[in-house]
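Novice: For reference, the chains in residue letters:
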Amino acid sequence: MQVSQICDLLSAKIICGKEQLSTKIERGYSSDLMSDVLTLDTDHLLLITGLCNVQTIRTSEMADIRFIVFVRNKKVSEDMLALARENNMCLMESPYTLFKTSGILYEAGLEPVY
Amino acid sequence: MKLEFNIEGGDFSRAGFASSAVKKVLKQLGVDARCIKSIVIALYEAEVNVVAHAHEGSVQITIDSDKITTEIMDKGPGIPDIQLAMQEGYSTASKKVREMGFGAGMGLPNIKKNTDDLQIDSTVDEGTTVKMVNYF
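Chains as they are written, first to last, in this note's numbering: chain B, 1247 to 1360; chain V, 2 to 137.
Cut-off 27 Å, straight-line C-alpha distance, at most; resulting in silico cross-link-like pairs (DSSO-like, lysine-lysine): (1) Lys25/V x Lys1270/B; (2) Lys1264/B x Lys25/V; (3) Lys1321/B x Lys1346/B; (4) Lys97/V x Lys1320/B; (5) Lys1264/B x Lys28/V.
For the record, the hints were derived by calculation from the structure and aren't laboratory data.
The shape of chain B in the complex, shown without the other chains (with noise of 0.2 Å):
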């Protein structure tokens, strides 16, 4: 799934990365739980979580995780658009819940992680 058709589905605000709006992506994973994205094995997944500050980007760069989608309409910081962009990150602001945007996701031929 390209990272333009996911910002489509959310109704999704992109915050930077703009230039990996044709990149796809097979995989997604939400929590808002950080030390349960450090156990994952899968990299290159999508991440969805409403768990917004500059926590989530470094455990982020940790897990080599460089789509970020940020549920609830959270809104990114300062400090955490800086961090994203060191890494190439690509950050995307939705308005739905962390529910609600996972269901579209996986309706749609997004892949669990397991």
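Once you have looked at the hints, place chain V on chain B.
Specialist: Coordinates of chain V only, in the frame set by chain B:
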């Protein structure tokens, strides 16, 4: 090659600073990506532990041709029962730590999963030393 970093207890804004720097160095050295991920995840978990539980800490890293040795030393409350702390789901983390997305009792078990050799020494009311070795 040797690298050193300081960690301040309670300062979540800088948690991951050492891990991030180490990741860049290992990438430059051409270390296998999966190996880098294991090392930095273990180090990041350890950094978060120091920020979450200790007053202050430091990280010393030695990179040899076949392995990386990481020592994280902190001054803090220590771990009274290391075996209990190694159990998945056991946590003494504060509400603040949980709000940051951690404190689920997964850190130490995840460090173990991501390292080849792990040694934890702790003295109550003094501090904890975590030594991790990963072979390339």
